[in-house]
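Working from the sequences, and respecting the hints, build out all of it.
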Amino acid sequence: MGRNMKMADLIQEKGIKQGEPITIALAGNPNTGKSTLFNALTGLRQHTGNWPGKTVLQTHGYFSYKDQHYKLMDLPGTYSLIANSADEEVARDFLCFGRPDLTIVVVDATCLERNLNLVLQVTEITSRVIVCLNLMDEAKRKGINIDVERLGESLGIPVIPTAASKGEGISSLLKTIYDVSVGRIIPQPVMVSYPSNIEDMISCLEPGIIKTLGDCINSRWLALRLIDNDYKLLSSIQQYIKPEIAIRSKHFQEVLA
Amino acid sequence: MNELHSLEHMARELCKQNEYDRDQIVESIYDHAAGITANTVTCLDLGRRGFENRVDNVVTSRLWGFPIMFGLLALIFWITITGANYPSAALADLFFGWEAWLTNLCQTYHVPAWVHGFFVLGVFRGTAWVVSVMLPPMAIFFPLFTLLEDAGYLPRVAFNMDCLFKKAGVHGKQALTMCMGFGCNAAGIISCRIINSPRERLIAILTNNFVPCNGRFPTLIALAGIFFGGSALLSAGNLAATFVVALLVVLGVVMTLAVSRVLSQTLLQGEASHFTLELPPYRKPRVGEVIIRSILDRTLFVMGRAVIIAAPAGGIIWIMANTMIGDVSLISICASYLDIPAQWMGLDGFILLAFILGMPANEIVLPILIMSYLSGGAMIELDSLAELRDLFVVEHGWTWLTALCTMLFALCHWPCGTTLYTIQKEQKSWKWTIMAALIPTVAGILLCVLVNGLVSGLHLL
Numbered sequence: 001m002g003r004n005m006k007m008a009d010l011i012q013e014k015g016i017k018q019g020e021p022i023t024i025a026l027a028g029n030p031n032t033g034k035s036t037l038f039n040a041l042t043g044l045r046q047h048t049g050n051w052p053g054k055t056v057l058q059t060h061g062y063f064s065y066k067d068q069h070y071k072l073m074d075l076p077g078t079y080s081l082i083a084n085s086a087d088e089e090v091a092r093d094f095l096c097f098g099r100p101d102l103t104i105v106v107v108d109a110t111c112l113e114r115n116l117n118l119v120l121q122v123t124e125i126t127s128r129v130i131v132c133l134n135l136m137d138e139a140k141r142k143g144i145n146i147d148v149e150r151l152g153e154s155l156g157i158p159v160i161p162t163a164a165s166k167g168e169g170i171s172s173l174l175k176t177i178y179d180v181s182v183g184r185i186i187p188q189p190v191m192v193s194y195p196s197n198i199e200d201m202i203s204c205l206e207p208g209i210i211k212t213l214g215d216c217i218n219s220r221w222l223a224l225r226l227i228d229n230d231y232k233l234l235s236s237i238q239q240y241i242k243p244e245i246a247i248r249s250k251h252f253q254e255v256l257a
Numbered sequence: 258m259n260e261l262h263s264l265e266h267m268a269r270e271l272c273k274q275n276e277y278d279r280d281q282i283v284e285s286i287y288d289h290a291a292g293i294t295a296n297t298v299t300c301l302d303l304g305r306r307g308f309e310n311r312v313d314n315v316v317t318s319r320l321w322g323f324p325i326m327f328g329l330l331a332l333i334f335w336i337t338i339t340g341a342n343y344p345s346a347a348l349a350d351l352f353f354g355w356e357a358w359l360t361n362l363c364q365t366y367h368v369p370a371w372v373h374g375f376f377v378l379g380v381f382r383g384t385a386w387v388v389s390v391m392l393p394p395m396a397i398f399f400p401l402f403t404l405l406e407d408a409g410y411l412p413r414v415a416f417n418m419d420c421l422f423k424k425a426g427v428h429g430k431q432a433l434t435m436c437m438g439f440g441c442n443a444a445g446i447i448s449c450r451i452i453n454s455p456r457e458r459l460i461a462i463l464t465n466n467f468v469p470c471n472g473r474f475p476t477l478i479a480l481a482g483i484f485f486g487g488s489a490l491l492s493a494g495n496l497a498a499t500f501v502v503a504l505l506v507v508l509g510v511v512m513t514l515a516v517s518r519v520l521s522q523t524l525l526q527g528e529a530s531h532f533t534l535e536l537p538p539y540r541k542p543r544v545g546e547v548i549i550r551s552i553l554d555r556t557l558f559v560m561g562r563a564v565i566i567a568a569p570a571g572g573i574i575w576i577m578a579n580t581m582i583g584d585v586s587l588i589s590i591c592a593s594y595l596d597i598p599a600q601w602m603g604l605d606g607f608i609l610l611a612f613i614l615g616m617p618a619n620e621i622v623l624p625i626l627i628m629s630y631l632s633g634g635a636m637i638e639l640d641s642l643a644e645l646r647d648l649f650v651v652e653h654g655w656t657w658l659t660a661l662c663t664m665l666f667a668l669c670h671w672p673c674g675t676t677l678y679t680i681q682k683e684q685k686s687w688k689w690t691i692m693a694a695l696i697p698t699v700a701g702i703l704l705c706v707l708v709n710g711l712v713s714g715l716h717l718l
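Residue numbers (our numbering), protein chains in the order written: chain F, 1 to 257; chain A, 258 to 718.
Simulated from the structure, these hints should not be mistaken for laboratory data. Treat the numbers as computed from the prediction; the structure is a model and nothing was measured. Some hints here could point you the wrong way.
[Claimed, not checked] When the alpha-carbon atoms are kept at most 25 angstroms apart in a straight line, the in silico BS3-like pairs for lysine-lysine are as follows:
(1) F:Lys211 x A:Lys273
(2) F:Lys71 x F:Lys175
(3) A:Lys424 x F:Lys211
(4) A:Lys423 x F:Lys232
(5) F:Lys71 x F:Lys166
(6) A:Lys424 x F:Lys71
As structure tokens, then:
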């Protein structure tokens with residue numbers, strides 16, 4: 001319960017400061033150097049380390065670049081957004097209901113495949129995503145070579161190679177954050193295509209979702225979650241975006257009339 | 258909100274109409290990620306991780322995963338059973354040398370017979386048997402098991418078992434909590450906290466007791482060694498004993514899965530959740546440290562618990578055996594009440610009594626049994642392992658069926674006091690604590706009655 005309270009506070013806080021700093025969510029698998037990157041960007045000294053209790057607490061920090069102010073939210077490290085563990089729920093709920101302006105997914109370059117699963121799940125929720133391909137130095141040492149340009153093309157979103165512990169790639173990451181936040185770069189993520197039976201179900205469900213919730217939630221993603229029996233998400237929706245639904249539904253009824 | 262409920266309803270209907278498997282979504286994402294990786298990543302020299310990947314590909318493969326698991330388990334038991342014979346015999350010789358010396362001492366100083374009986378024949382003899390029968394198997398088994406744990410094999414076991422648990426409708430992490438149960442069921446139950454869904458956690462807790470813990474392994478290994486192992490010199494006998502124990506462990510896992518499945522389809526219905534399991538890198542086990550830690554932390558801990566409870570129990574059982582009501586001892590009266598249900602299960606009243614008296618800790622079931630047999634009137638001189646076998650077979654008419662049923666009941670009966678206390682603390686529900694005791698007990702009774710009936714019915718003895 002305490003966690004939900006926290007979540008609601010965060011979302012509310014974000015609502016109050018609308019138009020002020022740009023909110024950036026920092027997502028990623030555990031042990032990818034998220035906290036190191038958080039420290040590198042904000043100049044804070046957050047304890048870096050990985051243990052289960054840490055994940056439930058969220059930390060945030062501020063930084064500026066050029067004329068923009070940013071608020072960086074460090075999300076718990078998760079492997080996916082599908083399973084129902086507490087930390088995954090926190091991360092998912094923030095991406096979904098906290099509606100960050102921008103999401104950075106920190107990715108471990110030494111095991112890209114596993115990390116991409118999370119990237120693909122995040123881009124299903126929100127399109128404004130930047131991949132921070134971290135631990136490039138370690139990958140190089142292990143003889144792993146990644147075609148960064150091609151990776152960016154296949155994902156449809158910016159991919160910035162970094163070695164956060166050495167500060168490498170941070171300036172180019174900052175520039176990309178700026179470009180996306182002012183709309184100079186518009187990420188267009190390549191969506192995962194599902195087998196036809198699932199795609200059919202998605203197209204059956206999407207109109208109803210759009211009608212009920214408008215654009216305050218990604219309809220394709222919600223359809224997938226419903227197909228996956230994640231009905232718990234619906235109660236989260238009720239909890240977090242109730243007033244908006246009311247406005248939407250009213251608006252839609254007026255338009256229809 | 259009505260709109261949301263109608264969406265939920267619609268989704269449910271759609272899932273019913275379309276052939277849909279929950280894995281399809283995850284699989285599509287994984288395939289997509291694999292496709293991108295294949296196009297963008299090139300590896301020059303895979304080095305150590307490449308080696309690990311190759312090991313993992315074999316150790317967790319469909320073809321080799323289970324044979325390797327069974328093989329490693331069997332290897333550990335074989336080393337334990339073969340290796341434990343000699344130190345067990347040596348310890349028995351040593352202790353019964355001391356007993357003779359103590360008896361002499363008592364006679365020299367004209368100590369009253371009941372003091373000698375209570376302390377030497379009760380407390381000392383009971384404790385001596387616990388130590389010589391249980392210490393060697395534990396001192397070999399625990400370090401071996403810890404080595405396997407330390408090398409990083411247990412997550413691979415969980416990986417292999419995941420599909421089985423999912424088929425049973427429960428969480429794959431239950432494979433991990435089950436592995437913890439091999440160490441100690443109470444610890445296994447605490448480890449169930451890693452399962453997030455309350456339904457799946459409860460199933461994991463209720464079924465944790467089906468795998469034998471530290472306290473029950475020595476009973477299984479000792480009985481298998483005595484009844485299926487034959488003489489220490491016959492390695493074929495040791496192989497047979499190994500096979501019996503390994504099969505019993507497999508049976509424990511099968512029971513875990515079967516009961517989990519039944520529970521998830523009846524009392525605790527629901528879907529299995531997904532989870533990600535990271536296979537940690539293999540590490541060279543720190544052999545020295547592992548041996549020291551597992552002997553100090555596990556062997557001596559379990560041993561200590563057994564001795565602390567066995568010593569007074571030895572005294573109490575000596576009193577029970579020597580308190581006569583009419584011309585029958587108190588312990589025989591208690592055992593005779595249990596004799597009829599016990600016979601059905603292929604046991605005898607003393608065995609069932611030992612299980613009941615062993616409630617505080619499973620370690621003492623076998624010692625209590627030995628003590629109650631020993632004190633049952635005719636005081637035979639028991640000074641070697643071979644004579645322990647005679648005590649069971651000649652004096653109390655055990656057959657291999659009796660041993661098998663005892664082992665089966667050791668595998669499936671109520672959890673020990675500590676475990677039950679832990680379950681009550683974790684679930685805060687007496688109902689589920691009682692269920693946790695009832696489920697394995699009923700399963701064990703059914704299993705024993707079935708095996709006993711089958712073997713007797715088919716005249717296999």
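Now for the hints, and whether the structure bears them out:
{"no.": "1", "hint": "F:Lys211 x A:Lys273", "in the structure": "holds (23 angstroms)"}
{"no.": "2", "hint": "F:Lys71 x F:Lys175", "in the structure": "holds (16 angstroms)"}
{"no.": "3", "hint": "A:Lys424 x F:Lys211", "in the structure": "violated (37 angstroms)"}
{"no.": "4", "hint": "A:Lys423 x F:Lys232", "in the structure": "holds (21 angstroms)"}
{"no.": "5", "hint": "F:Lys71 x F:Lys166", "in the structure": "holds (23 angstroms)"}
{"no.": "6", "hint": "A:Lys424 x F:Lys71", "in the structure": "violated (45 angstroms)"}
Hints 3 and 6 from the earlier list are contradicted by this structure; the remaining hints agree with it.
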